[in-house]
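Visitor: Same order as they appear, the protein sequences are chains W and G.
Under our numbering, think of the first position of the first sequence as 1, with each following residue one higher.
Under our numbering, think of the first position of the second sequence as 147, with each following residue one higher.
Quick caveat, the hints were computed from the structure, so don't treat them as lab data.
Backbone N, C-alpha and C fix where the C-beta goes; we use that ideal spot for every residue, glycine too.
Just so you know, not all the hints are guaranteed correct.
According to the in silico footprint, chain G covers these stretches of chain W (three or more CB under 8 angstroms from chain G) [stated by the list, open to error]: (1) 105-113; (2) 120-132.
The calculated label-pair distances, taken between Cβ atoms and stated as ranges, are [unchecked claim]: (3) Lys47/W / Pro165/G: 45 to 55 angstroms; (4) Gly266/G / Pro87/W: 21 to 31 angstroms; (5) Glu114/W / Val230/G: 22 to 32 angstroms; (6) Tyr15/W / Thr150/G: 48 to 58 angstroms; (7) Gly244/G / His13/W: 20 to 30 angstroms; (8) Arg22/W / Thr164/G: 48 to 58 angstroms; (9) Pro165/G / Ala29/W: 50 to 60 angstroms.
Protein chains: 2
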Amino acid sequence: MSDTFFVQQLRQHGYKITPQRRAIIEALAEAPLAPKASEIWEKIRQKYPDISPDTVYRNLTLLVDLGMVQQIYLRSKETSRFEVNIPHHHHLVCLKCGCYYCLEGCLVNEQDLEAAKQRGFTVIGHALELYGYCLSCQEVREEGLR
Amino acid sequence: MSDTFFVQQLRQHGYKITPQRRAIIEALAEAPLAPKASEIWEKIRQKYPDISPDTVYRNLTLLVDLGMVQQIYLRSKETSRFEVNIPHHHHLVCLKCGCYYCLEGCLVNEQDLEAAKQRGFTVIGHALELYGYCLSCQEVREEGLR
DNA sequence: ATCCTAAATAAGTTTATTCTTATTTAGATT
DNA sequence: AATCTAAATAAGAATAAACTTATTTAGGAT
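Given these sequences and hints, build the entire structure.
Guide: Here it is in structure tokens:
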């Protein structure tokens, strides 16, 4: 989870190590909790005022595809969040307020993934989010959904 | 899965039945495969030229939140697709070309969902997508990811 | 049949994200 | 150290999706 590890991983996969990539990795490592792409962008801009948002999005997606970062899809209200991916786990997402909780472990068993691989599909990763309503949004929901 | 069923469900939850909602439900029922929001919008515009895209998005989200429609997150490249939700299942999504395959059954067991409910969280549904590379994108991937 | 009110919509604005293209650069090769 | 080339970037345009607000309307009450 250190910067060095991320950089090593990128090198091993043949990607170039740019100042922008170092900055993104550094920002992710320093981030207290799963930040939004825009938060990472803002943080990096303090040091590198000219970095483009596209570069941030592109590299976050790359890190996700390489399995080093986990993307949490918060379904509307809020934008995605990015989490350093150790250990792999899933999330409970509130449809009303956009808050989320981490669940322990993985709810998908490897056996099921095999079925996918048999179709010639190379599975890189998976995303599972449970959607619903958090405790403090329950009442609101009862009004909203009658 | 008939229009009537969807309308009944909306009524039971206290939602009003508007011409726009009927049109969206009709369009979903007639769609040959999981359409994109924009495709549904275009189809409805043939009959109702003044319907706004916001109305389509809003109601698709509503149907998803009520568990009547399943949203497939295709991760970049392509936008989400919406599927009439019978039976519940998951998807294999190609990160390169955006194509997807349906998997049989649900890979998440109810027992695991209970853990979430114990936190006072009301689980409405869940979304699981397996991400990777389809057969015809494998070579491209080997170039791309070295 | 008319009225009432909260819900739903249209229109326009705003934001998040991706795409396109010209330029720059990391890292390999010489 | 200089050169080369594919990869990465910045900038700006394009798109998808959501928000804001004024107006309309579905469905219940009168």
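Visitor: Hints first: check each against the structure and report whether it holds.
Guide: Verification of the supplied hints:
Chain G is given as covering the region 105-113 of chain W, and this holds because 5 residues of the stretch bring a CB closer than 8 angstroms to a CB of that chain, at least three being needed. Requiring three or more residues with a Cβ within less than 8 angstroms of a Cβ of chain G, the coverage given for the region 120-132 of chain W holds, as 13 such residues are present. For the hinted restraint 45 to 55 angstroms between Lys47/W and Pro165/G, the CB-CB distance of approximately 54 angstroms keeps it satisfied. In this structure the supplied range 21 to 31 angstroms holds for Gly266/G paired with Pro87/W, their Cβ-Cβ distance being about 24 angstroms.
At roughly 28 angstroms, the beta carbons of Glu114/W and Val230/G sit within the given window of 22 to 32 angstroms. The supplied range of 48 to 58 angstroms is met by Tyr15/W and Thr150/G, whose beta-carbon atoms lie about 54 angstroms from each other. Separation of Gly244/G from His13/W is about 22 angstroms and conforms to the stated range, judged on CB atoms against 20 to 30 angstroms. Between Arg22/W and Thr164/G the Cβ separation comes to about 53 angstroms, which falls inside the hinted range of 48 to 58 angstroms.
Separation of Pro165/G from Ala29/W is about 53 angstroms and conforms to the stated range, judged on CB atoms against 50 to 60 angstroms.
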